[in-house]
Structure formats: C-alpha cells, structure tokens
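Number of protein chains: 2
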Amino acid sequence: MNGLELRSLATSGGELRLSLESVTVEEPGPDEVVVRVEAAPINPSDLALLLGPADLSTMRADGTPEQPVLVADIPERRLAAIRGRLDQSLPVGNEGAGTVVKAGSNVQDLLNKKVSMAGGAMYTQFRKLPARDCIVLPDGASAAEGASMFVNPMTALAFIETMKAEGHTALIHTAAASNLGQMLNKICLADGIPLINIVRSDEQAAILRDIGAKYIVDSTSPNFMAELTDAIAETNATLAFDAIGGGKLAGRILQAMEAAASRNMKTYNRYGSDVFKQVYIYGGLDTGPTEFNRAFGFSWSLSGFLLTPFLKNASPEVVARMRQRVVDELKTTFASHYTATISLADALNPEIVKVYERKKTGEKYLIDPTL
Amino acid sequence: MNGLELRSLATSGGELRLSLESVTVEEPGPDEVVVRVEAAPINPSDLALLLGPADLSTMRADGTPEQPVLVADIPERRLAAIRGRLDQSLPVGNEGAGTVVKAGSNVQDLLNKKVSMAGGAMYTQFRKLPARDCIVLPDGASAAEGASMFVNPMTALAFIETMKAEGHTALIHTAAASNLGQMLNKICLADGIPLINIVRSDEQAAILRDIGAKYIVDSTSPNFMAELTDAIAETNATLAFDAIGGGKLAGRILQAMEAAASRNMKTYNRYGSDVFKQVYIYGGLDTGPTEFNRAFGFSWSLSGFLLTPFLKNASPEVVARMRQRVVDELKTTFASHYTATISLADALNPEIVKVYERKKTGEKYLIDPTL
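Line by line, the protein sequences give chains S and V.
Quick note: the first sequence uses our numbering, first residue 1, plus one each step.
Quick note: the second sequence uses our numbering, first residue 1, plus one each step.
Treat the hints as calculated values from the structure; they're not laboratory data.
Do not rely on the hints blindly, as some may be mistaken.
Identical chains share a label here; the pair holds if one copy fits it or two copies do between them.
[Said to hold, decoys possible] Calculated lysine-lysine pairs in the BS3-like style (CA-CA distance at most 25 Å, straight line):
{"id": "1", "residue 1": "K102", "residue 2": "K164"}
{"id": "2", "residue 1": "K266", "residue 2": "K128"}
{"id": "3", "residue 1": "K266", "residue 2": "K360"}
{"id": "4", "residue 1": "K354", "residue 2": "K186"}
{"id": "5", "residue 1": "K354", "residue 2": "K266"}
{"id": "6", "residue 1": "K164", "residue 2": "K312"}
{"id": "7", "residue 1": "K214", "residue 2": "K360"}
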C-alpha cells in the first residue's frame, strides 16, 4: 500500500526543501491500525518543524506539477540551532483524524471507524500507528471535527491539571485569544476558575468578551501593569502560561504578581514576598531573547512547558480524565474552526505557505490529504 | 540596658541615612537570652539592606564624632523599587556571634556561653532573641569563628540538600571562588559530589585549584561554552546555583546543559532533549536584567532561591542535620577568613564603606560592636 507523505528537509548547504514522497505503508501488526488521514491541522507547533528557520522571502516552487517541491534558503547563522535535523527527510504533523482502513488481528473492532490520532507524521495519506494512540470519534463527528483533539485541548486541560497539582487557584494566559486560549476560557468558565487573559489588540479582546471572558488585559495599554496587577490582586493568580516566550512579558507578569502580593505585606522584606510565583513558557511566538528585571523577590520560577513530558509524568487517571473530557465536549468546548482546507500539494505552494504561516489570531488551516 | 544599634533609613526624599541609635534592650522572657554581640560579618546579602540603591559616589559624613551619620543620595528612579522600606529606620545584619549576658528562667544554662545567632538586627551591641535561634559554639571557638555559621554554611548545605531532593547528582556554581563557593567545594570534595566551578578570572581559578577543585571553567575564556559543555557531559550536572543573576550567564548554563544532553540523543526532537535542567538564581552580583535565548528546549526551569524559605519548607530532620554539620566542621569546612575587623562607627565611615562594599572575591569584613 502506497501513499504520499509531506517531508521537510533542511540541508547542511542551507536549503529547506518541502516535498511529497511516495512511501510504502506496511501491513499493521496485531495491535496496530492503518488510518486514511482525512484531516490534519497546521498548528503553530507544526510550523517550526515544517519551515524550520528558513527565510520565507526566498521561497520558490521547484519540482514538477506531479511532484511539487518548495525551496527556501536558511541563513547560515541559523543552521547551528537545527544541527540535529540537518540532511534528514522528516515527516510532519502532530495530530490528525481519519478512517481506519486496515486493522490488526487484536483490534478488528476499529475497522471503518473514524478516529483521532496523535504521534506525528500526520501530513500523509495513510498512517500506521498503535491502536492505543487512536481515540474513536463520537457518532456523527467528522474527521475535521476530530482532527484537533489532541494538541490544543490536551494542552489547555494540562494547564488546569498543573494549576491544581501545584496548588494555584487561578491562571494567567498570554496570546489569550488563540484557538487554545478560547478553549481555556470555556473550561475556566465552566469550572469556575478565574482566568486573566492577556491580549495585544482590541480585536483580540473582543473575541474573548464575546465568549464571556471576565478578565481581559491588553499588553499594549499604557496602564497595562496597573491593570494586570489589579486583576491578579482580585483573582490571586500566581501561575501563568505564556505562548510568547521572547521579550519582557513573562518578567512583567512575575513583577505584577509580586506587586499584587506586596499589597498584603505588613513589614518590609528586601527579599520580596514569600508568595510563590510561576510562569511557564510553552510557545515562542516571539523567538527573540527573553529578558527580565528580577524585581519580584526570590520566590519565583520561570520554566518551559510542553504537553508530551507533562503527559509522561501525569498519572494514568489524570490522562484518562483529560481524554474523556475532550471526547465529551468535542463539539462545544473543544470545537476548532478552520479558515480553509488545503491539499498536501497546497501546503507546498509558496503563495499558500505565506498565508498559513502568519499564525494570525483566529486563523487555522486544515490539510486534507485525500484532496 | 542600653546599647548602640546601626540603622539604615531610606527617605522618600531620596536620601540614605546610616546612623547609630541608642536603643533600650528589654529584659529577656523565660525562653529568651540577651547576647553581647562581638562579631557580625558583612555579607553581600547584608549590603542591599544596608546601602539600598544609593549612589555611593555621593556619600558624605554627617552628624558628630559621637553620633556619626553617613548620608548618600538615592536617584529618584530607584525609589520605586524600595517603596516598602521608605521612611523606616531599619536594623541590619543577618548573623553574628557573642556572649550571653542575660538568660531567661528556662534557659539559664546558656548564661556566659558563646553563641552564634541568626535572625537579623545583628549590627548592634546587645541583641535579645529566642534561645532556639542560638547555637552554642564548640569549646574554644571565638565569636569571630562563630559569626558566619549561618548564611554561607547553611546556604551551601541547602544547595546539596536541594540537589538530592530534586534528583540531581552534580552541581554547577557561579562566582565560585567566593567564601560560599569555597565551602561548597570542601563539602563536595568530602561527599564525592562533582562540582563545576564557574569563575571570572585566573586569580579566582587559582584560589579554587589550591583547595582541590577539579572542575573550574572561566566564563571569560573564548572557549567557555565548549569547556562548560564538556564538564557537564562528564559530570551530568543538570543543576546550577547562580550568584550573578543579571546578564546572560544563567541562560548560557542552560544552553550548555542542553548541548551536553543532545550529545546522547539519537533522533532529532525539535522540542529539545527531555533532560530536565534547573538553574537557581540566589544572588544579584549583576543587578542588571537577566537575558537568555531559549535555545535549550522546553525542559528547563530558572528560579529564585533563598535560604529562609528553603529552611521553612525543609523537614526538621534536614535542618537539624545541616546545623549539626556546621557545628562539627566549624573550624574546617566552614571556617571564614576576614580581611579586617571594624567597629560600628567604622561601618558608617565613607572611606571604609568604599572598601567593604566592593564584594571583592576573597574579601570579607567583620563588625565588632564592642570596639
């Protein structure tokens, strides 16, 4: 059984090459299935692997109409950061959904079922994987509806689980009007968890107001620090998840948390408050350096956060609870909206790449490998 | 009973005023003692409270020979950071040692004993405090020998306890030739714990070589990153304690840890290694902003570290074990060397302040309030 698979290759000569390769899909083992992929989203987390650090102003089409290739230059100074992937043809796509077309002897019940999948290499026509990495979609759900069941929903729920496990009772989220941010608002509203949304424009604030968000702070406001501090003082939010990464925002959040904590201090302590303040960086919308003044005492932590290690360290009960909630609320809390559906070949078209790589708030693209 | 006490006052008008105030020491309660302070070190951690963010180029003597006062300007832009202490006359001095001159009914056995103390306000002639905050010095130990039993020894031991509690097996330390750094080397050599010392000069490297340090890396070396990465690869150090705080060093340590971890990776992972990397900032020798490129995956944490909350969270067994070791090794591992001993009045002399505030490696000043 053969199918086309999208591959990303960064060469040590400084070229990014995206291509469609014909790959052979082996027969599934006893506990495996082969899924015809019908929908796979382009998440911000996919773009880093897909496009690497290429200079997209140099994108050009190569190859033939039957075998399109996209080429772009990678500036030499950026090659060191991706040394580990150079000259390897890598499959792409964190998550997707489709129909089981072959099933191993132990998992025959899955045949012809629509399933959601996680595990990478989803920008492909046929994906072989262990049956346990699939979730059967609820009746009536389409592949498109099930395509984004993993990355954003599980990350949003992981924020909540982390909050509880680490003893916090409220949250701050940046780039808060994102698809993930909207899900997080729905969860927090349903669960009665105070959530402070940090956005960068009126337009983003409006998106969140429309879905009922209570705390919205615009980081471009001249009163941002005062507004953020007030919201923290009201909610006692001592935990933040930051998708921006670069710049001064993470440090400003810690500073506002400390300012809110200081309001309750009766005596001066030059080491700052003893309120523990945690910011997790889980994305890199700003790829520049992170910078902060340590104007928030010594009781703080700034850390990386990633779904995969979280799930690896979480108890099976926690993971099962998260998965079940995603299934139960697939068409409500965790519904994704797509700007457009494109084919595998479209994903290699420079004009289309320019559109989907913008990561514009509210925009999300879906690849359908059957097109 | 009256005595002189050093006080630091930062006014909202932008002045720092150091003075000696005559204070009345009340009779001790049943579980309290009054100690005649005979030795109290000037630690880097004392200087922030003592001198605040004053511009020391403006220091001038005021008051009278009997009641000296030191005055310096605090630039207006720095006042916001110390809002919590403005217009309060604050006592100074984290630790000290002396002789018990009065003891409450329940602790009469301490009378005339030499004790070490922690708890602040040690730059004073007589200090009343709970007996449980004193440690009786071993026979033959002088007040000077017992004056620095708390801050540096307990911090060094807290690093080791943290390492064990968080599952690391080796350490990195910056500003490594400091008094604290030398103690840490002695502990690690005795306990067989690999310790990577980061220094900033040949002179500092020599100090550490002389006491038997094995891993010494100079951050001013053109090959610093390669040398640090090699040392990490050899020791598996995934934990660092950083006294510098500002600048790029903390981030470079995380980057070198990641580079060492990547040597063992067989397949490319764009999210970086899954080796967890922790850097604690426990000082601020560089008070400027902290800056880093997040070139070390998502499995990392950069946090504040302070002895007091560590001790509050540690079990009583751990704290007792730490204290006992300090007593047992007071004249060896935890011996402090002082550059000079000064009086309380000397501590207010602009010429002498200029010398002790330099925080020069290997230099440490002791106040003897009986002089």
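Structure-based check of all given hints:
1. K102 x K164: Close neither inside one copy (41 Å) nor across copies (50 Å); limit 25 Å.
2. K266 x K128: So K266 and K128 pass the 25 Å test across copies only (22 Å; inside, 62 Å).
3. K266 x K360: Answer is neither: 45 Å inside a copy and 35 Å across each miss the 25 Å cutoff.
4. K354 x K186: neither (31 Å within a copy, 59 Å between copies)
5. K354 x K266: Classified as neither; 55 Å inside a copy, 33 Å across copies.
6. K164 x K312: both (17 Å within a copy, 22 Å between copies)
7. K214 x K360: within (23 Å within a copy, 52 Å between copies)
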